[in-house]
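Peer 1: So the chains spell out like this:
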Amino acid sequence: MSVDLRAALAGALDVDPPRTSFERILSRSVRQAREARRRSARSMLAAATLVVAVALFAGAYTGVDVQSVHVASAPAPAPVPLST
Amino acid sequence: MNVWEPQAASIDAARGGDMEALERLIAAAWPHAFRIALSILRHPMTAEDAAQEACARVVRRIADLRSAQAFGVWFYRLVVREALAFERRRRVHEPLDAADLPSASGLTDALVRIDVLDALGTLPARQRAVVALHYYVELNSREIAAVLSIPEGTVRYLLSLARKRLEVALDAHRPVFTKGAASRVR
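Residue numbers (the working numbering), protein chains in the order written: chain F, 1119 to 1202; chain E, 215 to 400.
One or more hints might be untrue.
Claimed, not checked - Here are the simulated SDA-like cross-link-like pairs (lysine to any residue), alpha carbons at most 20 angstroms apart as the crow flies:
{"id": "1", "chain 1": "E", "residue 1": "378", "chain 2": "F", "residue 2": "1122"}
{"id": "2", "chain 1": "E", "residue 1": "378", "chain 2": "E", "residue 2": "336"}
{"id": "3", "chain 1": "E", "residue 1": "378", "chain 2": "F", "residue 2": "1124"}
Unchecked claim - Partial list, derived from the structure: chain F residues whose beta carbon lies under 7 angstroms from chain E:
{"id": "4", "residue": "1130"}
{"id": "5", "residue": "1131"}
{"id": "6", "residue": "1135"}
{"id": "7", "residue": "1143"}
{"id": "8", "residue": "1150"}
{"id": "9", "residue": "1158"}
{"id": "10", "residue": "1162"}
{"id": "11", "residue": "1175"}
{"id": "12", "residue": "1200"}
For the record, the hints were derived by calculation from the structure and aren't laboratory data. A virtual CB, placed ideally from N, CA and C, is assigned to each residue, including glycine.
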């Protein structure tokens, strides 16, 4: 004879749910919305910080690089002819 | 999903912003949310907390629901996700007490319930969710797959694993749980 899982589970869950008020659920939903806004603002701030950091790094790197290449590849000044 | 058909008008009105309809819908959904969460979390206070969070998500997102027919899968998904999130965060599993499971029936039934919930506790959380959706909500594999966003074959596999483990766990109480004795736990 097999175990009647459906009856066992239906019986186990046949408990009276605790009373809850709609107002309590509404206030939870307001809190969830506030948290979601805060999370969204935090992630936007983090993204903006990352963009600024990348831009600064890229700018600094490019500046140094261009300058060094420029200096390195600059032709040596021609010797000044000696006046007699 | 037929359980939500009588609520179709309330669901549509709630999607349109009718707060009274939303309150009626939440009142109808609350026992389901609590019992599904209880089957996954196995502790009434934690289940109440998770069910309230899920209902609050319903309130917050009902306007985004595409149709009243989609409510069932969407609602069960919110409840299961919330309960699984609570389960992941929970560190301590307090033992159940008969007084924690209020019911119109007596203490013996409460003790039998604890045995079933303890047996459920031998399963991983996702298998508990599959068991609850199949045996309590009476969804088929396709519907459970939609709720949990997993393949239908995985649902059947999880269900078969869970069934075997539950039968072993409940074997000690065979006289109570065998077919024909179902009325004793109802």
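Peer 1: A separate judgement is required for each hint: does it hold in the structure or not?
Peer 2: These are the hints, each one checked on the structure:
{"no.": "1", "hint": "E:378 x F:1122", "result": "12 angstroms, holds"}
{"no.": "2", "hint": "E:378 x E:336", "result": "11 angstroms, holds"}
{"no.": "3", "hint": "E:378 x F:1124", "result": "14 angstroms, holds"}
{"no.": "4", "hint": "1130", "result": "4 angstroms, holds"}
{"no.": "5", "hint": "1131", "result": "4 angstroms, holds"}
{"no.": "6", "hint": "1135", "result": "4 angstroms, holds"}
{"no.": "7", "hint": "1143", "result": "5 angstroms, holds"}
{"no.": "8", "hint": "1150", "result": "6 angstroms, holds"}
{"no.": "9", "hint": "1158", "result": "14 angstroms, violated"}
{"no.": "10", "hint": "1162", "result": "20 angstroms, violated"}
{"no.": "11", "hint": "1175", "result": "37 angstroms, violated"}
{"no.": "12", "hint": "1200", "result": "85 angstroms, violated"}
The structure does not agree with the numbered hints 9, 10, 11, 12 stated previously, though it agrees with the rest.
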